[in-house]
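Given only the sequences and the hints, what does the whole structure look like? Please build it.
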Amino acid sequence: MPDAAFKVILIVCSLFFAGFFAFVVVPPLMESRDVWGAFAAGFVNPYASGYSMDVLVCWSILAAWVVYEARRYAVRRGWICLLLGIVPGVAVGFALYLLLRAGQLTVVGRDA
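As numbered in my numbering, residues 1 to 112 make up the sequence shown, in order.
Since the hints were derived computationally from the structure, they do not count as laboratory data. There's no promise every hint is true.
Calculated pairs, SDA-like style, for lysine to any residue (alpha carbon to alpha carbon, straight line, at most 25 Å) [what the hints assert, rightly or not]:
#	residue 1	residue 2
1	Lys7	Ala63
2	Lys7	Leu83
3	Lys7	Val55
4	Lys7	Ala18
This is the structure in structure tokens:
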């Protein structure tokens, strides 16, 4: 896959999720202003609990990866991705991290 296509896919996916989040989650949150209640609502049944736990574990794995690569490969500004992984979500933080690291890591074995 060409680099440009990869980056476009990441940007489109993260913008789609951010828009979905803004449309579905933000209005009721602004109405109630209950952040803890909104978080707890992700655990209302076994199915929601499974997806919510998946998101929390994925964010933890992203955090470990960001910290590891910051030290190992000097990838900078990963902390921004971790914040965006909390709000609006891991999909946005993960996509941004892939874009950041793609711009900072040296490409090895490239056929161009």
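Quick rundown of the hints versus the structure:
1. Pair hint lysine 7 plus alanine 63 holds up; C-alpha atoms about 21 Å apart against a cutoff of 25 Å.
2. For a cut-off of 25 Å, the pair hint linking lysine 7 to leucine 83 stands: about 20 Å separates their Cα positions.
3. Distance restraint check for lysine 7 and valine 55: the Cα-Cα separation of roughly 22 Å lies within the 25 Å cut-off, and the hinted pair is therefore satisfied.
4. Distance restraint check for lysine 7 and alanine 18: the Cα-Cα separation of roughly 16 Å lies within the 25 Å cut-off, and the hinted pair is therefore satisfied.
Against the hints set out earlier in the document, no violation occurs for any number.
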